[in-house]
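Visitor: Sequence:
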Amino acid sequence: MDLSTLPKKALRKQFGETLVALGKTNPNIVVLDADLACSTQTQMFADAYPERFFNQGIAEQDLLNTAAGLATVGKIPFLSTFAIFATGKAWEPLRNTICYSNLNVKICPTHSGLSLGEDGASHQSIEDIALTRVIPNLTVIVPSDAVETDAVIRWAAEYQGPVYVRLVRPDCPVIHVQENYTFNPYTIEVLREGKDITLVGTGETVYHCLLAAERLQKDLGISAEVLNACFIKPFDSQTLLASATKTGRVITVESHQVIGGLGGAVCEALCDSTPVPVKRLGTQDRFGQSGKAEDLFKEYGIDWTSIVEAAKNFVQ
1 MDLSTLPKKA LRKQFGETLV ALGKTNPNIV VLDADLACST QTQMFADAYP ERFFNQGIAE
61 QDLLNTAAGL ATVGKIPFLS TFAIFATGKA WEPLRNTICY SNLNVKICPT HSGLSLGEDG
121 ASHQSIEDIA LTRVIPNLTV IVPSDAVETD AVIRWAAEYQ GPVYVRLVRP DCPVIHVQEN
181 YTFNPYTIEV LREGKDITLV GTGETVYHCL LAAERLQKDL GISAEVLNAC FIKPFDSQTL
241 LASATKTGRV ITVESHQVIG GLGGAVCEAL CDSTPVPVKR LGTQDRFGQS GKAEDLFKEY
301 GIDWTSIVEA AKNFVQ
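Residue numbers for the sequence shown follow our numbering, so the first one is 1 and each next one is one higher.
Hint data in this document are derived by calculation from the structure and do not stem from the laboratory.
Just so it is clear, the structure is predicted and the values come from calculations on it, not from any experiment.
Glycine included, each C-beta is placed from N, C-alpha and C at the ideal position.
Be careful, since some hints might not be right.
Said to hold, decoys possible - Have a look at the derived ranges for each label pair, beta carbon to beta carbon:
| hint | residue 1 | residue 2 | range |
| --- | --- | --- | --- |
| 1 | SER39 | GLN316 | 41 to 49 Å |
| 2 | GLU51 | PRO277 | 50 to 58 Å |
| 3 | GLU309 | ASN55 | 40 to 48 Å |
| 4 | LYS13 | ILE58 | 16 to 24 Å |
| 5 | ARG286 | ALA48 | 18 to 26 Å |
| 6 | GLY291 | GLU51 | 37 to 45 Å |
Stated by the list, open to error - Straight-line distance between alpha carbons at most 25 Å, and here's what the computed SDA-like set of lysine to any residue pairs gives:
| hint | residue 1 | residue 2 |
| --- | --- | --- |
| 7 | LYS292 | LEU211 |
| 8 | LYS195 | GLN238 |
| 9 | LYS13 | ASP171 |
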């Protein structure tokens, strides 16, 4: 696979397309948004099925509470807004209304993480994984590309219970081949086998882990295993432990705070039975800032060049 020539597609665009496809065969699917349908791409569903689309306006708590009400009468609500609003402004109804009652609501915000870019710190949701994975009954998923996003949304439509799907703004390289792809829920995907170090990515950082592994092998002879942690909760400890036991070192990479996110989940799992050295790459207890996504990834040490440097220092 030539990583430099992979096609790109926005996860939010795939989200919109998949919702439209699901709407054709399942009349119980409804979609809600908080006045951001063009940005989140739920406008596709609104255009196709206007009678099943609800714009709640800039009222995120109402957004989640209305979705909860629809779930109680047999609908399958998918809701979207920016991640900072879904988990910030609306955390209390997410916890107390949706998750406490274990309602069948699918929370699928977009514009998460540092790659939101120029909108800056106020809109860069780099705490949402921590805020969601702590809530009982809530499944937390972070797809890495459009192919995985399509599979996740289809799976969520069939799953009974609340689901949080974290999507990002920009076009992302498509690292999976649709024709050869099999979606395995609740598991960590081994994208590349290695023996010297384990790189665990989630979402858009998985591509950077693959780039880093390629360069580590080519330039330094370091064999890196690459894991795609799509399911953050529940977390697949078995696959992680097998890789960590083999390589003896783990680096986690996330567009999120290192506190409470992927790095936290990995460290918790390893401490239970197989403690090995772990280096967590992500925002180090800092807020984001305005800038181009690629510049922010480099500034916060989660681009592929930063991963290569961290791995080189870790192994030697």
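Visitor: Now tell me, hint by hint, if it's right for this structure.
Guide: Now for the hints, and whether the structure bears them out:
1. For the pair SER39 and GLN316, the beta carbons lie near 44 Å from each other, so the given range of 41 to 49 Å is met.
2. In this structure the hint that GLU51 and PRO277 lie 50 to 58 Å apart at CB holds, the actual value being about 56 Å.
3. Between GLU309 and ASN55 the beta carbons are some 46 Å apart, a value that agrees with the proposed interval 40 to 48 Å.
4. Take LYS13 and ILE58: their Cβ atoms lie about 23 Å apart, and the range 16 to 24 Å holds.
5. The hinted window of 18 to 26 Å between ARG286 and ALA48 is violated, with their beta carbons roughly 41 Å apart.
6. Checked against the hint of 37 to 45 Å, the C-beta distance between GLY291 and GLU51 comes to roughly 41 Å, which is consistent with it.
7. Simply put, LYS292 and LEU211 have alpha-carbon atoms about 20 Å apart, close enough for the 25 Å limit, and the pair holds.
8. Taken as a hint, the LYS195 and GLN238 pair is honoured in the structure, with Cα atoms around 17 Å apart against an allowance of 25 Å.
9. For the given pair, LYS13 sits about 9 Å from ASP171 by alpha-carbon distance, which is consistent with the 25 Å threshold.
Violated hint: 5 only; the structure is consistent with all others.
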